[in-house]
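Asks: If you want the numbering used here, it's the position in the sequence shown, counting the first as 1, plus 126.
It is possible that some hints are incorrect.
To be verified - Calculated lysine to aspartate or glutamate pairs in the DMTMM-like style (CA-CA distance at most 20 Å, straight line):
#1 Lys212 x Glu247
#2 Lys212 x Asp178
#3 Lys228 x Asp196
#4 Lys212 x Glu243
#5 Lys212 x Glu177
#6 Lys228 x Asp195
#7 Lys212 x Glu179
As the list claims (entries may be wrong) - Cβ-Cβ distance ranges computed for the label pairs, FRET-style:
#8 Ala135 x Val181: 22 to 30 Å
#9 Asn180 x Arg217: 12 to 20 Å
#10 Ala192 x Glu256: 21 to 29 Å
#11 Val139 x Pro244: 36 to 44 Å
#12 Glu256 x Gln193: 22 to 30 Å
It is worth saying that the hints were derived from the structure and are not from the lab. C-beta: ideal position from N, C-alpha, C; glycine also.
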Amino acid sequence: MIFSSRTFAELNVYTLYDILCLRQRVFVVEQHSAYLDGDGLDPQALHLLAEDENVLVGYARIVPPAQADDAVRIGRLVIAPEQRGKGLGTRLMRQAMELACKHYGGVIAISAQTYLEPFYEALGFARAGEPQDEAGVSHVAMQRPCSAHAVSL
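Turn these sequences into a full structure, and let the hints steer you where they fit.
Replies: Spelled out as structure tokens, the structure:
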């Protein structure tokens, strides 16, 4: 498994196509959630890829804080269905947290699917709001300070 990170400008069209296909395969088709994936945040994000023999099997994006006092956001964390249950989600999220803290510091914010709340709690995230519907899927805001990052990774 090879992990790499790239800015939007560093993504070639084939890699971008693979990213969009994986996100749509899981978030739109598998989860039956029709929503516009192109939300305008990809051009400013750092893209984290997990590739197995040159095949994209995992992905996350790290969106910088919009304001100086805002949190860095990790989102669109996705694992190919055939790769689940192997610990890849944890490895990918740890890599994303490492990059978020290295590049931006402060607080990491996520919008987690509610059923995955225990997964993120195990990584040091705490609930920061009540569940909300996002495109027909229940999500909960969660946060974790980067200062706690080095201690538990």
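Asks: Compare the structure with each hint and give your call.
Replies: Hint-by-hint comparison with the structure:
1. In summary, the hint linking Lys212 to Glu247 is supported, as the alpha carbons are separated by about 19 Å, within the 20 Å threshold.
2. At most 20 Å may separate the alpha-carbon atoms for a hinted pair to count; Lys212 and Asp178 meet this at roughly 13 Å.
3. Between the alpha carbons of Lys228 and Asp196 the distance comes to roughly 16 Å, so the proposed pair stays at or under 20 Å and holds.
4. Our distance criterion of 20 Å between C-alpha atoms is met by Lys212 and Glu243, whose separation comes to about 19 Å.
5. For the suggested pair Lys212 and Glu177, the alpha carbons sit about 14 Å apart, so the restraint of at most 20 Å is met.
6. As the CA atoms of Lys228 and Asp195 are separated by approximately 16 Å, the hinted pair is consistent with the 20 Å bound.
7. Distance check on the hinted pair: Lys212 and Glu179 sit about 16 Å apart at the alpha-carbon level, within 20 Å; holds.
8. Judged by the Cβ atoms, the range 22 to 30 Å given for Ala135 and Val181 holds: they are separated by roughly 23 Å.
9. At about 18 Å, the beta-carbon gap between Asn180 and Arg217 stays in the expected band of 12 to 20 Å.
10. Hint check: Ala192 to Glu256, Cβ distance near 22 Å, so the stated range 21 to 29 Å holds.
11. Range check, Val139 to Pro244: about 37 Å between beta-carbon atoms, so the 36 to 44 Å window is met.
12. At about 24 Å, the CB distance of Glu256 to Gln193 agrees with the hint of 22 to 30 Å.
Hint compliance for this structure: every hint is met.
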